[in-house]
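Chain by chain, the residues:
There are 2 protein chains.
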Amino acid sequence: MTLHSTSDPISKERLRLWLRMLKTTRMIESCVRDKLRSEYGTTLPRFDVMAALSRFPQGLKMSQLSDVLRVSNGNVTGVVDRLADDGFVVRVAVAGDRRASLVQLTDKGHAEFATQATAHETWIDDMLAEFGPDDLGALGVRFEALMTSLEGKD
Amino acid sequence: MTLHSTSDPISKERLRLWLRMLKTTRMIESCVRDKLRSEYGTTLPRFDVMAALSRFPQGLKMSQLSDVLRVSNGNVTGVVDRLADDGFVVRVAVAGDRRASLVQLTDKGHAEFATQATAHETWIDDMLAEFGPDDLGALGVRFEALMTSLEGKD
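Chains W and L supply the protein sequences, listed in that same order.
Residues 20 to 173, numbered by the working numbering, are exactly what the first sequence covers, in order.
Residues 20 to 173, numbered by the working numbering, are exactly what the second sequence covers, in order.
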């Protein structure tokens with residue numbers, strides 16, 4: 020079975036696939052936002068910042084954190100401020116650079132993120148239950164190739 | 020070739036696919052935003068509103084437009100105001116309902132959207148060039164099934 024219609028140019032098929040990708044991605048993201056709020060009283064930007072910091076236990080400068088998240092420094096600053104107020108992250112001075120500081124997850128932050136990340140994996144597992152092992156293998160290869168091709172166009 | 024690793028539980032594979040979907044979707048969306056701005060001096064919300072109106076030539080009430088776009092009425096109002104200032108949309112009174120009005124694309128709006136939509140299709144065609152006819156058929160089927168399954172969970 021294929022959805023490719025011989026009367027449409029291939030650009031129309033690509034557009035249709037893109038609109039489906041966009042719609043499913045937005046539905047999943049919106050569900051993740053709702054669950055983060057209702058179950059953990061947190062937001063996707065907070066979750067994303069904690070996820071980035073959990074991968075760099077030695078800490079990240081604000082500029083590195085922005086790079087990892089691909090968002091503007093200004094937005095990240097507010098999120099980090101509120102995470103610090105909650106005791107999930109700390110700013111640590113960098114030896115030899117008085118103006119720079121590293122943001123690190125605290126022990127409390129690591130524990131909280133571990134809980135949220137486990138729940139997040141369960142939500143995604145449930146939402147993508149439609150995709151079995153064979154689908155995941157095939158789709159993984161296609162998206163990996165797409166990602167490489169998009170990075171080449173940057 | 021498959022990326023499925025036997026040591027990982029399938030939930031990890033689903034999470035990995037989700038992170039790839041999210042990353043590629045954000046890259047494509049960000050590229051579309053950049054091109055809309057640099058080539059047409061417009062934004063994705065403006066493009067989305069015009070796209071919705073182009074599918075309903077008889078016009079849409081503000082609440083219907085918000086439903087179609089799945090965003091809050093407040094955001095749409097500002098976008099429609101600016102599109103009206105530019106002469107791309109008009110508000111038309113509804114017979115028998117003094118408080119309601121329909122938003123319609125003007126002839127100028129239809130012409131502008133046709134130009135932008137053609138360019139948009141070309142950008143997507145270029146970014147998804149990695150996907151040939153067989154990929155598009157197979158991915159279309161998988162995403163259609165995913166969309167149906169997600170809508171069932173709503």
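It is worth saying that the hints were derived from the structure and are not from the lab.
Don't take every hint at face value.
Given that identical chains are not distinguished, each listed pair holds provided it fits within a single copy or across any two copies.
[As the list claims (entries may be wrong)] The calculated lysine-lysine pairs, modelled on DSSO-like cross-linking and capped at a C-alpha distance of 30 Å, are:
(1) 31 x 54
(2) 172 x 127
(3) 42 x 172
(4) 54 x 42
(5) 127 x 31
(6) 80 x 127
(7) 127 x 42
(8) 172 x 80
Hints, verified against the model:
1. 31 x 54: between (35 Å within a copy, 19 Å between copies)
2. 172 x 127: For residue 172 and residue 127, the Cα distance exceeds 30 Å both inside one copy (40 Å) and across copies (33 Å).
3. 42 x 172: both (23 Å within a copy, 15 Å between copies)
4. 54 x 42: both (18 Å within a copy, 20 Å between copies)
5. 127 x 31: between (50 Å within a copy, 24 Å between copies)
6. 80 x 127: This pair counts as within: shortest intra-copy Cα distance 20 Å, inter-copy 49 Å.
7. 127 x 42: Between. Shortest inter-copy distance 28 Å satisfies the 30 Å Cα cut-off; intra-copy 36 Å does not.
8. 172 x 80: within (28 Å within a copy, 40 Å between copies)
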